[in-house]
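Visitor: Protein chains in written order, with this note's numbering: chain A, 1 to 636; chain B, 1 to 636.
Each hint should be verified, as a subset may be incorrect.
Here are the computed lysine to aspartate or glutamate pairs in the EDC-like style, where the Cα-Cα straight-line distance is at most 20 Å [what the hints assert, rightly or not]:
hint: 1; chain 1: A; residue 1: 25; chain 2: A; residue 2: 94
hint: 2; chain 1: A; residue 1: 613; chain 2: A; residue 2: 597
hint: 3; chain 1: B; residue 1: 610; chain 2: A; residue 2: 162
hint: 4; chain 1: A; residue 1: 97; chain 2: A; residue 2: 169
hint: 5; chain 1: B; residue 1: 130; chain 2: B; residue 2: 202
hint: 6; chain 1: A; residue 1: 315; chain 2: B; residue 2: 388
hint: 7; chain 1: B; residue 1: 315; chain 2: A; residue 2: 636
hint: 8; chain 1: A; residue 1: 393; chain 2: B; residue 2: 237
hint: 9; chain 1: B; residue 1: 349; chain 2: A; residue 2: 599
hint: 10; chain 1: A; residue 1: 393; chain 2: B; residue 2: 316
Far from chain A by the CB rule (all over 12 Å, computed), these chain B residues [stated by the list, open to error]:
hint: 11; residue: 30
hint: 12; residue: 176
hint: 13; residue: 210
hint: 14; residue: 230
hint: 15; residue: 295
hint: 16; residue: 296
hint: 17; residue: 373
hint: 18; residue: 447
hint: 19; residue: 492
hint: 20; residue: 501
hint: 21; residue: 502
hint: 22; residue: 503
hint: 23; residue: 574
hint: 24; residue: 604
Simulated from the structure, these hints should not be mistaken for laboratory data.
Just so it is clear, CB atoms sit at the ideal spot from N, CA and C, and this is done for glycine as well.
There are 2 protein chains.
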Amino acid sequence: MKNNIRSVSLKQTKCDDKFWSPYQKLVVDTVIPYQQKILNDEIPGAEKSHAIANFRIAAGMEQGEFYGMVFQDSDVAKWLEAVAYSLWVHPDPELEKYADEVIDIVAKAQQEDGYLDTYFTIKEPEHRWKNLLEGHELYCMGHMMEAACGYYEVTGKKKILEVAEKMTDCIASVFDEEHYGIPGHEEVEVGLMRLYEVTGDEKYSRLASYFIESRGKRKDFFHEEKDNRDFDIFNMDPDYLEYNQSHAPVREQTSAEGHAVRAVYLYRAMANLAAATQDESLKQACERLMDSILQKKMYLTGAIGSSGEWEAFSKDYDLPPDRAYAETCAQIGLVFFAKAMLDMEPKGKYADVMERCIYNSTISGMQLDGRHFFYVNPLETNPGLSGEVFGMKHVLPERPGWYACACCPPNLARMILSIGKYCWNESEDTIYAHLMIGQRAELAHADIAVESGYPWKGEARYTLTPKTEEPFALAIHVPGYVSADTLKITVNGEAAEYQMKDGYAYILRKWNEGDVAEMNFPMEIRRMYGTVRCIDTAGCVGLMRGPIVYCIEGVDNGPQLQALILPRESSISEHWETEGVLAGTVTLSMEGLREEDSDELYSTAAPEKKPVKIRAVPYYIWGNRGLGQMRVWIRE
Amino acid sequence: MKNNIRSVSLKQTKCDDKFWSPYQKLVVDTVIPYQQKILNDEIPGAEKSHAIANFRIAAGMEQGEFYGMVFQDSDVAKWLEAVAYSLWVHPDPELEKYADEVIDIVAKAQQEDGYLDTYFTIKEPEHRWKNLLEGHELYCMGHMMEAACGYYEVTGKKKILEVAEKMTDCIASVFDEEHYGIPGHEEVEVGLMRLYEVTGDEKYSRLASYFIESRGKRKDFFHEEKDNRDFDIFNMDPDYLEYNQSHAPVREQTSAEGHAVRAVYLYRAMANLAAATQDESLKQACERLMDSILQKKMYLTGAIGSSGEWEAFSKDYDLPPDRAYAETCAQIGLVFFAKAMLDMEPKGKYADVMERCIYNSTISGMQLDGRHFFYVNPLETNPGLSGEVFGMKHVLPERPGWYACACCPPNLARMILSIGKYCWNESEDTIYAHLMIGQRAELAHADIAVESGYPWKGEARYTLTPKTEEPFALAIHVPGYVSADTLKITVNGEAAEYQMKDGYAYILRKWNEGDVAEMNFPMEIRRMYGTVRCIDTAGCVGLMRGPIVYCIEGVDNGPQLQALILPRESSISEHWETEGVLAGTVTLSMEGLREEDSDELYSTAAPEKKPVKIRAVPYYIWGNRGLGQMRVWIRE
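Work out the full structure: start from the sequences and follow the hints.
Guide: Below, the structure is given as structure tokens:
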């Protein structure tokens with residue numbers, strides 16, 4: 001493997017996009033301030049967080065008890081990371097000042113030896129590192145590393161980075177070949193690879209490598225650990241090894257298993273490490289795991305982790321729409337994993353899955369008010385059953401406010417604010433443009449202004465200011481659903497010469513100041529079918545247009561969405577919405593049939609069908625117009 | 001309510017039926033001896049029962065500890081009841097001798113004051129009656145009452161009846177208006193009503209009435225009980241009142257709720273009591289609860305209790321085929337409840353639901369070898385998912401051997417052996433023939449020999465030997481699916497005059513020795529559709545022929561049954577099978593379509609359809625030809 005591909009830092013991009021800029025504004029204006037208040041317990045009626053207070057107590061700045069989940073610290077870390085990106089998107093001296101204060105508290109909460117975890121520091125200092133299965137110390141520290149890198153990148157301030165560095169020294173002093181240990185929830189591997197990315201110091205990638213390669217090497221570890229400790233936190237089963245991907249050495253894993261968030265965090269770190277170390281066999285393991293997800297374990301919306309138990313991957317093709325777990329964080333993690341794969345090799349399928357997730361099952365996690373969030377992103381909800389009956393208790397038909405376990409909202413905030421960095425890679429001779437997101441990017445070969453009508457229009461326009469006289473390629477990702485014969489690629493208005501390879505259109509030329517490359521393709525509505533191996537999609541059709549998955553909702557279509565049928569021959573028309581919640585989206589309407597209701601539980605009379613108009617709306621926006629049924633898969 | 005309807009005892013009937021006699025033989029030859037060995041721990045490899053040993057220990061006949069579930073005694077009681085009926089079906093002096101020995105042990109295990117429960121006697125005598133929520137004392141005693149009545153009826157021996165009578169004195173000495181108590185699992189109410197039926201002594205119906213009427217009257221009872229005791233058995237939630245139907249006084253209940261077996265046992269006893277006391281309002285409560293089941297909570301197979309959690313009824317129309325609980329015992333209880341309703345009022349819908357259950361979701365609980373049993377009777381199984389993934393862990397795709405919680409096998413044994421008594425009621429002027437089961441019946445108005453081709457042929461022939469000169473009606477239940485214009489009823493070969501009322505054809509006349517009444521109707525294959533309110537049946541068709549529900553199995557139809565489609569216009573042909581496991585049944589074959597498999601998880605190409613032959617077999621016989629998929633609901 002020869003890998004000359006470089007990732008791009010957030011500061012090389014400035015988002016200016018009709019779709020994403022409003023989301024970024026929502027995060028900046030609402031989500032981050034709201035989360036700040038939550039972390040400080042300033043929202044009346046919301047579940048108590050106490051996360052900042054925990055740090056203050058650990059710092060000796062106030063008296064009190066630890067409160068919250070064992071991983072409560074990570075809420076602060078993820079918020080801090082989101083704040084970092086927020087300060088880039090929208091500089092805000094007051095917010096930065098407050099973030100600096102929080103960092104001061106965090107730094108004070110750090111122990112002499114670099115240890116940083118308020119739960120164990122306040123509550124059980126004697127149990128430090130004694131319950132890696134459940135303790136989440138390395139998880140929280142990993143998030144703090146990510147926050148540190150983000151904050152340092154954006155502000156140039158080193159204090160939190162120094163905290164992170166000191167923390168890793170502490171970790172490195174505890175774990176080594178002689179002193180085996182792996183975290184029950186992966187994340188520190190990601191944090192360490194971020195530290196490596198930002199500092200270039202190989203001690204971080206080496207420590208990441210230690211944790212990655214150790215996983216699955218000692219299958220009895222968590223069991224022994226449990227035998228050797230006299231306390232539990234969650235009373236997790238130490239023998240459910242798939243849960244935390246410790247059932248086999250990572251290079252031998254071929255199927256995505258266990259807790260979906262844990263899995264994709266691990267896979268991302270594996271890919272980061274493979275890229276950093278040019279490790280072909282590790283890269284292949286990543287490819288196998290990604291293929292396992294893409295080919296057998298992913299919902300149409302890009303959601304993963306279909307099992308309602310353990311927030312986990314289920315068996316291949318077991319993708320129940322109404323019992324999905326499909327945690328927002330898992331999809332965000334899949335975006336990260338896909339980008340890490342692109343950092344090694346530009347393949348359209350990775351950019352495609354990023355698209356699938358960012359436009360569907362990640363942002364579906366957030367109400368348009370920025371104050372209500374889904375943890376679980378089902379593809380079907382039936383009020384009265386969802387959230388209530390066996391098998392569906394975890395599936396809520398409406399987004400609640402804040403969770404005690406508040407991992408998803410700040411995760412979403414950081415993804416949305418840093419979306420620009422997922423758009424690019426560069427190599428010695430090529431700029432890879434993965435996503436059609438309007439922005440200004442300052443890359444090595446050129447500055448590029450992107451204008452895009454995506455996801456509603458199949459058009460992106462790249463205006464280049466090259467920084468080199470040498471020819472280089474602009475390789476534009478062509479979404480996988482675009483057929484070659486409808487694709488138009490021009491440079492300065494003329495049909496361009498380009499080569500298609502692995503889903504990218506390579507336009508290789510000497511670029512001049514102001515050259516404009518443009519990609520256009522028609523946005524056709526696509527009827528999507530699941531493989532017959534998937535029992536849950538049998539007989540149904542899903543609708544997509546561009547990267548957007550559609551759903552039908554009760555508010556538009558009346559009760560009993562299961563009674564609606566979309567005949568294969570029905571034509572579907574699209575509408576640019578200008579009013580209400582749906583303003584700025586394309587909705588679909590079509591002639592369908594509705595089976596009529598009957599009092600008889602079973603009858604020899606097939607339900608009569610009446611023609612009806614069916615309206616479908618973008619999936620990501622579902623549940624913003626009151627409580628009702630929702631379905632992605634429509635009977636055909 | 002004026003109720004002159006009498007029930008018929010088992011000893012008035014002698015089954016001689018092509019369908020049921022082989023089942024009775026299987027129970028007599030295999031199930032009962034097998035269960036006898038199980039109860040005595042004589043089957044190597046089977047889960048330990050220890051049920052007889054518990055009685056011996058409680059009787060002071062041997063030393064040892066109690067072993068098994070808290071309700072282990074009921075296994076002996078149900079076996080004893082099955083033995084009683086077995087002795088009627090097939091007299092067996094050796095078996096009777098052994099049963100007498102067991103009864104001797106049971107009698108010795110009974111305490112001075114009449115108390116009879118080996119768990120509490122051996123293990124926790126100080127906790128007697130202190131945990132009615134979980135203790136199952138009254139449940140076990142109720143079953144012993146049923147066994148006693150059955151054994152006394154068949155053999156005329158009084159010993160076990162005296163045990164039961166002494167037991168009820170004990171119960172009556174503990175519970176009264178001043179000393180409130182209701183059992184967490186209903187059954188004693190049934191046992192007491194059986195004692196009333198057999199002895200005519202109203203003290204039993206009064207005690208049954210006490211338990212029935214007390215239920216739901218003190219909603220804090222189980223909670224208080226838990227507060228006042230310092231031991232738990234299952235750690236049940238005392239506030240889940242619906243679970244044991246104590247959420248409201250029984251007369252106020254309108255919806256079937258909670259644990260399905262508990263529910264139908266209660267409803268049966270309510271109906272028995274309403275019949276005995278001519279209580280119109282209690283009868284109406286029973287009617288409402290039955291309608292709740294029939295109209296909103298029952299599978300096509302007659303199965304009930306669809307929730308995989310708590311073995312309970314779910315919300316209305318929540319009838320998932322692949323996550324069904326549908327416990328064999330629940331369906332048996334529904335047969336009992338339906339018969340109890342017929343004992344009050346002959347309505348076709350009650351006979352119809354008896355048919356639906358006895359020919360489908362009860363006997364599906366037993367392998368044709370009489371040695372493997374289902375607790376759970378799903379309408380769809382998918383090996384690899386069933387029994388393995390979240391929401392389906394309770395659904396086994398193959399019948400295992402014996403369960404530690406072995407309630408279903410002996411319950412099925414007693415239903416099959418006593419099937420004759422479910423066929424009849426009599427009133428002053430009418431004989432009601434509910435089921436088309438070949439037999440000789442000695443009724444008050446006449447002796448009747450029934451010959452029947454049911455369930456495969458729509459024919460039943462009643463040859464009468466009247467015992468009265470007075471005219472009386474033979475009211476033959478016409479299955480609800482038979483259309484009036486295809487129904488033929490003759491007497492001595494001539495078209496008979498009859499009146500249809502509530503699903504019964506009343507032939508009123510003076511009957512002469514040797515008169516033959518005959519009912520004939522064509523057995524048409526019926527396509528069944530669920531109401532669109534039921535999400536799980538949408539787009540699918542079920543097949544029935546007569547009372548038999550059909551299913552498709554992998555062994556006949558290859559993999560991925562979800563890929564099979566039965567077009568509405570396909571004609572279906574039937575086959576009388578003569579070989580193998582299916583011999584003696586009618587199977588169905590039809591032209592269908594199979595969607596082709598694809599590696600792509602999602603595709604814009606709808607799966608191609610190829611014509612295939614589909615074979616459907618009777619549901620009750622599924623899983624007798626190896627492990628494979630099974631589906632009742634076929635895509636249409």
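Visitor: To test your reading of the hints: which numbers does this structure violate?
Guide: 3, 4, 5, 7, 15, 16 and 24
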